[in-house]
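Given only the sequences and the hints, what does the whole structure look like? Please build it.
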Amino acid sequence: MTKINNRIRRLRFDYDEMTQEELANRVGCTRQTIIALEQGKYVPSLELAFKIARTFGVVVEDVFQYEGNK
Amino acid sequence: MAPLQKRALYGLVFGVIWVIAIIVVFILKGGVSTFNEDHGFRLIIDGLWVGGLIVYLLLLETIGRKPSQVDERDRLIMDRSPRIQWLAVIFSLVVWMIALTESYHDAGQIPIIFLYLIFMSTLIVSAVAQSAGILIGYWRMERND
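Residue numbers (the numbering used here), protein chains in the order written: chain D, 16 to 85; chain R, 43 to 187.
Hints listed in this document are in silico derivations from the structure and should not be mistaken for laboratory results. Idealized CB from N, CA, C, for every residue including glycine. Treat the hints loosely; a few may be bogus.
Have a look at the derived ranges for each label pair, beta carbon to beta carbon [unchecked claim]: (1) Arg24/D - Leu99/R: 55 to 61 Å; (2) Thr34/D - Ile59/R: 42 to 48 Å; (3) Ser60/D - Val74/R: 49 to 55 Å; (4) Met33/D - Val66/R: 37 to 43 Å; (5) Arg182/R - Gly43/D: 51 to 57 Å; (6) Met33/D - Phe161/R: 49 to 55 Å.
Structure (structure tokens):
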């Protein structure tokens, strides 16, 4: 299975301790999806990945890291 | 629990109660032979399954049109649920086929009323299996399959 790690939880806390609900509202998804993302149980679409990165003012690679075969 | 997951759970519970209600009414009122002869009985069953289907559709379909409650992950799970529906429908048709063939093989013909019952049960199975499919989708995603 594709392994993509993310730093959403860390970035939320760095960004004024943003709640999962707030982030969900900003990027247009449900809080449950943010929970699934943080737990690594769901890999987002490119669109959602970009929205999350833009919310934190960083590039996508700063949020998501691909840990597949190199 | 995601809003869609909650709706699917309600849908499954409602679906099971709906199926049990139809079966109980069907058996208490006299079964297939009465159903074949009694127009009033057929209307009661029609009301039960059409009414149930409308409630069921309202329960699940309305949420799909609310962007704030359904996101891409929910849509992905919804898009996968027809696999379970398809399996459940095929399974119910196989059960009907075997049961009717074994019951009416010697008679050489099947009462026409079974066409109605097969269609009705297939629709109900399909509706209930949609909820089950959605719940299985969430469960599988939780397990990270």
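Hint-by-hint comparison with the structure:
1. Arg24/D - Leu99/R: 55 to 61 Å: Since Arg24/D and Leu99/R have Cβ atoms about 38 Å apart, the given range 55 to 61 Å is violated.
2. Thr34/D - Ile59/R: 42 to 48 Å: With Cβ atoms ~37 Å apart, the hint is violated.
3. Ser60/D - Val74/R: 49 to 55 Å: Roughly 50 Å apart at Cβ, these two residues keep to the hinted range, so it holds.
4. Met33/D - Val66/R: 37 to 43 Å: Violated - the Cβ-Cβ distance for Met33/D and Val66/R, about 52 Å, lies outside 37 to 43 Å.
5. Arg182/R - Gly43/D: 51 to 57 Å: violated, 24 Å
6. Met33/D - Phe161/R: 49 to 55 Å: holds, 52 Å
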